[in-house]
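In the working numbering, the protein residues as written are 1 to 530.
Hints were generated in silico from the structure; no laboratory data involved.
The structure presented is a predicted model; accordingly, all values stated were derived computationally and were not measured.
Using N, Cα and C, we set each Cβ at its ideal position, and we do this for glycine too.
Hints may be right or wrong, so weigh each one.
[What the hints assert, rightly or not] Derived CB-CB ranges, DEER-like: (1) Y360 <-> P269: 36 to 44 Å; (2) L525 <-> E143: 39 to 47 Å; (3) P238 <-> E143: 48 to 56 Å; (4) K438 <-> I513: 49 to 57 Å; (5) K155 <-> Q80: 33 to 41 Å; (6) I244 <-> S104: 38 to 46 Å; (7) K446 <-> E493: 34 to 42 Å; (8) P96 <-> T475: 51 to 59 Å; (9) K441 <-> S467: 18 to 26 Å.
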Amino acid sequence: MQLLQCPSSSPSLSLCCSKVQPNRGPCFLANSLTATATCSCIQQQWLRSSRWVSRKPPVSNSPAAKAASVEESTSAVSAQTAEGDVLKALSQIIDPDFGTDIVSCGFVKDLLIDEALGEVSFRLELTTPACPIKDMFEQQANEVVANLHWVKNVKVTMSAQPAKPVFTGELPPGLQTISNIIAVSSCKGGVGKSTVAVNLAYTLAGMGARVGIFDADVYGPSLPTMVSPDNRLLEMNPEKRSIIPTEYLGVKLVSFGFAGQGRAIMRGPMVSGVIDQLLTTTEWGELDYLVIDMPPGTGDIQLTLCQVVPLTAAVIVTTPQKLAFIDVAKGVRMFSKLKVPCVAVVENMCHFDADGKRYYPFGRGSGSQVVQQFGIPHLFDLPIRPTLSASGDSGMPDVVADPLGEVAKTFQDLGVCIVQQCAKIRQQGMSTAVTYDKVIKAIKVKVPDSDEEFFLHPATVRRNDRSAQSVDEWTGEQKLQYSDVPEDIEPEEIRPMGNYAVSIVWPDGFSQIAPYDQLQTIERLVGVPA
Numbered sequence: 001m002q003l004l005q006c007p008s009s010s011p012s013l014s015l016c017c018s019k020v021q022p023n024r025g026p027c028f029l030a031n032s033l034t035a036t037a038t039c040s041c042i043q044q045q046w047l048r049s050s051r052w053v054s055r056k057p058p059v060s061n062s063p064a065a066k067a068a069s070v071e072e073s074t075s076a077v078s079a080q081t082a083e084g085d086v087l088k089a090l091s092q093i094i095d096p097d098f099g100t101d102i103v104s105c106g107f108v109k110d111l112l113i114d115e116a117l118g119e120v121s122f123r124l125e126l127t128t129p130a131c132p133i134k135d136m137f138e139q140q141a142n143e144v145v146a147n148l149h150w151v152k153n154v155k156v157t158m159s160a161q162p163a164k165p166v167f168t169g170e171l172p173p174g175l176q177t178i179s180n181i182i183a184v185s186s187c188k189g190g191v192g193k194s195t196v197a198v199n200l201a202y203t204l205a206g207m208g209a210r211v212g213i214f215d216a217d218v219y220g221p222s223l224p225t226m227v228s229p230d231n232r233l234l235e236m237n238p239e240k241r242s243i244i245p246t247e248y249l250g251v252k253l254v255s256f257g258f259a260g261q262g263r264a265i266m267r268g269p270m271v272s273g274v275i276d277q278l279l280t281t282t283e284w285g286e287l288d289y290l291v292i293d294m295p296p297g298t299g300d301i302q303l304t305l306c307q308v309v310p311l312t313a314a315v316i317v318t319t320p321q322k323l324a325f326i327d328v329a330k331g332v333r334m335f336s337k338l339k340v341p342c343v344a345v346v347e348n349m350c351h352f353d354a355d356g357k358r359y360y361p362f363g364r365g366s367g368s369q370v371v372q373q374f375g376i377p378h379l380f381d382l383p384i385r386p387t388l389s390a391s392g393d394s395g396m397p398d399v400v401a402d403p404l405g406e407v408a409k410t411f412q413d414l415g416v417c418i419v420q421q422c423a424k425i426r427q428q429g430m431s432t433a434v435t436y437d438k439v440i441k442a443i444k445v446k447v448p449d450s451d452e453e454f455f456l457h458p459a460t461v462r463r464n465d466r467s468a469q470s471v472d473e474w475t476g477e478q479k480l481q482y483s484d485v486p487e488d489i490e491p492e493e494i495r496p497m498g499n500y501a502v503s504i505v506w507p508d509g510f511s512q513i514a515p516y517d518q519l520q521t522i523e524r525l526v527g528v529p530a
């Protein structure tokens, strides 16, 4: 039998070749997701051009040659059968979040089988290192493969996908290696939003995730009080002109309070610029979750954050009072309009226990009212605990100071919820893709969660602008006339604005914000080849 010597510079071949070793039986390396026809084609091309391929011997019709041929054929069939058996066994394991088996989800990587020795090894690559059921996956994978009659030894390695947002094309460099960005918002001050943000971040870190916290409240930054990093000043990288975050207990931290200027006294537009700079020019590195402690309100700063970054999800913090519900409702509507899914509600300071009884000093029902009215799927109650407040003032989050306490358990449940919901959102692909096709001179729109794809005439899109430059805000009178827009106009740049719109830059310098909802209502081009 002729053996192939594969040079180290041929990685494609190393994944596709199978070899038979003396006295070892069939041994092969297979990647269940990458063994495709393309790889086979590359292998054939390499074989034709390789100088290490031995010349084929003359075909022999001797009984020994025929027996060897039958043996090789049997080994190949056996190898394929073994791989199929392992993948079939692993397909019994269902991811409860996706409702699909782990093979179809693409979790099984680097499958290595030595059937003669009964050895099987593979890697399970999950969507996040903070997966709450990774231990269950590992145990089940060991069990189902070990149940195969020819398997004597199973080795399972657990890993996670590299940190990467759903789309990276137009994101600032500092945000291109962050998988999920979580906004913690209340739209009202004094309800414990910063407490929830910090403790959630350290809970996710405790689950194995790489986490950062961005304190977006420039007027009253809370992060410097709630954590105690050794270095309490942000540093600059002079070569890249970027910000190096400080760290505390493995979590990266950025706050205007660490800029050495205390609290800001400045107007709104300046604050928006500061937040943009702090968030987008920071060297966050690879993060699984960036938790943003949103400032109160629903004004310019909140809109800036939602436009600068594609928020994966939002957590709403409230208290039992009716007044808190009114403000929170405005925030939920804002996130809904900006296409940011609200995945959980945290009702803070909801009760305390004394003398064997439970008391509700601020009433009941605000949190559940938010859940019922807006369809937010998860509600978490936080009790009034002196230790929770004291830990925030001491510079050590409560989930770190008392990891086995009642508060830590609630945040653990919240952390599991966030991990699961973010995984579902990423799987669904929330973003609408809008691009410009220069060949057919049309704007192409791909709608998420469907196969719908359509084309728009650039001039039609420009004429449908609803900003104050095109339409009088008071009278509704159309200021931009049909003839003002040339028929052959072409966009110079299209980039996403958060989850809800795209910014289209035109040759006259005008930057049009076009919400996805509006694009779907504009007259479409017909007869355009897809």
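Against the structure, the hints come out as follows:
Between Y360 and P269 the CB atoms are about 42 Å apart, so this pair conforms to the stated range of 36 to 44 Å. Distance hint check: the CB atoms of L525 and E143 are about 55 Å apart, inconsistent with the given range 39 to 47 Å. The given range of 48 to 56 Å is respected by P238 and E143, whose C-beta atoms sit roughly 55 Å from each other. Against the hinted window of 49 to 57 Å, the Cβ-Cβ separation of K438 and I513 comes to about 22 Å, which falls outside the hint.
One distance hint, 33 to 41 Å for the beta-carbon pair K155 and Q80, is violated here, with the actual separation near 21 Å. Under the hint 38 to 46 Å, the C-beta atoms of I244 and S104, about 41 Å apart, fit the expected range. Taken as a hint, the range 34 to 42 Å is violated for the pair K446 and E493, whose Cβ atoms sit roughly 18 Å apart. In this structure the hint that P96 and T475 lie 51 to 59 Å apart at CB holds, the actual value being about 55 Å.
Distance hint check: the CB atoms of K441 and S467 are about 24 Å apart, consistent with the given range 18 to 26 Å.
Hint compliance for this structure: hints 2, 4, 5, 7 are not met, and every other hint is.
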